[in-house]
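> Per the UniProt record's numbering, the sequence shown starts with residue 1, numbered consecutively.
Don't take every hint at face value.
To be verified - Each pair of labels, with its calculated beta carbon distance range:
hint, residue 1, residue 2, range
1, Arg124, Gln338, 49 to 59 Å
2, Ile220, Ala27, 33 to 43 Å
3, Arg160, Glu342, 44 to 54 Å
As the list claims (entries may be wrong) - Derived DMTMM-like pairs (lysine to aspartate or glutamate); straight-line CA-CA distance at most 25 Å:
hint, residue 1, residue 2
4, Lys193, Asp127
5, Lys163, Asp216
6, Lys113, Asp130
These aren't lab readings, by the way, just hints derived from the structure by calculation.
The beta carbon of each residue, even a glycine, is placed where N, CA and C say it ideally should be.
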Amino acid sequence: MPREIITLQLGQCGNQIGFEFWKQLCAEHGISPEGIVEEFATEGTDRKDVFFYQADDEHYIPRAVLLDLEPRVIHSILNSPYAKLYNPENIYLSEHGGGAGNNWASGFSQGEKIHEDIFDIIDREADGSDSLEGFVLCHSIAGGTGSGLGSYLLERLNDRYPKKLVQTYSVFPNQDEMSDVVVQPYNSLLTLKRLTQNADCVVVLDNTALNRIATDRLHIQNPSFSQINQLVSTIMSASTTTLRYPGYMNNDLIGLIASLIPTPRLHFLMTGYTPLTTDQSVASVRKTTVLDVMRRLLQPKNVMVSTGRDRQTNHCYIAILNIIQGEVDPTQVHKSLQRIRERKLANFIPWGPASIQVALSRKSPYLPSAHRVSGLMMANHTSISSVRLVSWSYLATLFYQPPSHSLRVCSNSLSCTGSHPGDFISFSSLKVPASSMISCGSGKPSWSSSVRRTSLRRTLTSWTGPGRLCRSS
């Protein structure tokens with residue numbers, strides 16, 4: 001019996017990538033934009049019930065809850081050809097429609113006020129599931145709704161459904177562009193605390209890497225949000241293929257997570273996908289093999305995270321799971337793993353099993369594919385800490401701005417909407433991400449050279465009182 005998963009889409013980013021995800025799932029399962037199974041897909045052996053349920057008239061409806069504090073994105077979804085796909089009772093829009101103003105504290109405080117209405121929707125959806133396994137949350141950590149309301153929901157989901165899994169697809173801000181949102185580092189930092197403490201698995205989707213892949217690999221000069229979201233939907237759909245097209249292993253969410261996360265705090269994952277081609281001339285001459293796909297997945301240019309490998313730190317893999325789709329002979333997998341081991345293409349931690357796990361999955365029979373074999377890598381790698389430490393460096397730049405600027409940013413954007421210094425202090429008590437303390441040089445965790453406890457003390461001492469942020473002396 002399939003175990004159901006409920007998808008929660010938060011804010012502009014979460015609803016946009018969620019919209020592309022459901023479009024992709026409908027195409028893969030032969031479901032029309034109205035939720036009706038196409039005639040050519042009636043004999044399928046796939047598991048639609050994991051992400052869809054059937055209404056009384058037998059058309060399929062996503063197990064999705066759409067949440068936003070401003071109406072623009074959800075209204076665009078309701079004006080699209082897929083408007084009739086969703087359950088209108090599972091859509092929540094704030095009454096005032098003013099949004100969170102790119103402010104974590106505003107989104108969090110509004111979540112406290114509207115949580116009863118939101119959990120009425122979530123509880124009803126959970127009660128309609130026969131065997132609920134968990135929740136998937138789509139959001140951005142840099143905005144207001146995705147970060148603030150998302151943080152609040154993560155805390156409440158843990159309290160309300162303590163035995164259910166919570167996986168997130170979290171979009172991290174672009175590091176190469178200066179944001180016009182001054183408090184973006186605060187939003188990211190405060191959300192990271194909740195992702196660390198309240199999520200079971202976090203799939204990191206870095207806007208910097210997504211833009212780089214769209215430019216370098218897909219040859220798109222100025223990638224749009226829609227094109228970037230299609231990349232994200234490809235990752236999301238590929239990571240759930242073993243749930244929707246079951247095989248002999250990795251048939252549920254816990255099976256995927258358990259193979260990648262050795263300890264609860266080491267749950268930030270990076271992903272890679274290949275092949276990514278839009279040029280048909282390139283696609284027509286490429287011969288994809290299992291070895292070629294698995295080798296390319298280990299290349300940094302195909303990874304959806306800009307890790308910025310630190311040369312002074314010997315980063316390594318903690319665990320790797322490759323989901324291979326297509327016409328694959330299991331003997332090819334064994335030979336490919338042996339070749340990768342001989343060439344030492346992957347560096348693993350010394351205190352764990354140095355192996356690449358492989359799950360074979362079928363492709364959708366309803367979608368034409370230019371390639372015989374494709375693959376998704378989900379990896380737990382120590383360099384993921386560099387993405388999260390960017391928030392610390394951005395925050396440090398705000399700490400050392402002129403006092404008037406620093407005070408204005410804090411008092412106007414955070415404290416007035418209910419944020420408390422304890423949020424920063426309690427996050428600092430987590431020290432640094434656990435993965436940044438792991439290196440391949442020894443069997444014991446060690447501090448990365450780029451991280452010092454003194455920087456954390458500065459964060460603690462910079463707070464001089466409730467609602468007031470000053471530079472440390």
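> For each hint, tell me whether it holds in the structure or not.
Hints and how they fare:
no.: 1; hint: Arg124 with Gln338: 49 to 59 Å; result: holds (51 Å)
no.: 2; hint: Ile220 with Ala27: 33 to 43 Å; result: violated (21 Å)
no.: 3; hint: Arg160 with Glu342: 44 to 54 Å; result: holds (50 Å)
no.: 4; hint: Lys193 with Asp127; result: violated (29 Å)
no.: 5; hint: Lys163 with Asp216; result: violated (42 Å)
no.: 6; hint: Lys113 with Asp130; result: violated (30 Å)
In the structure shown, a violation is registered for the earlier hints numbered 2, 4, 5 and 6, in ascending order.
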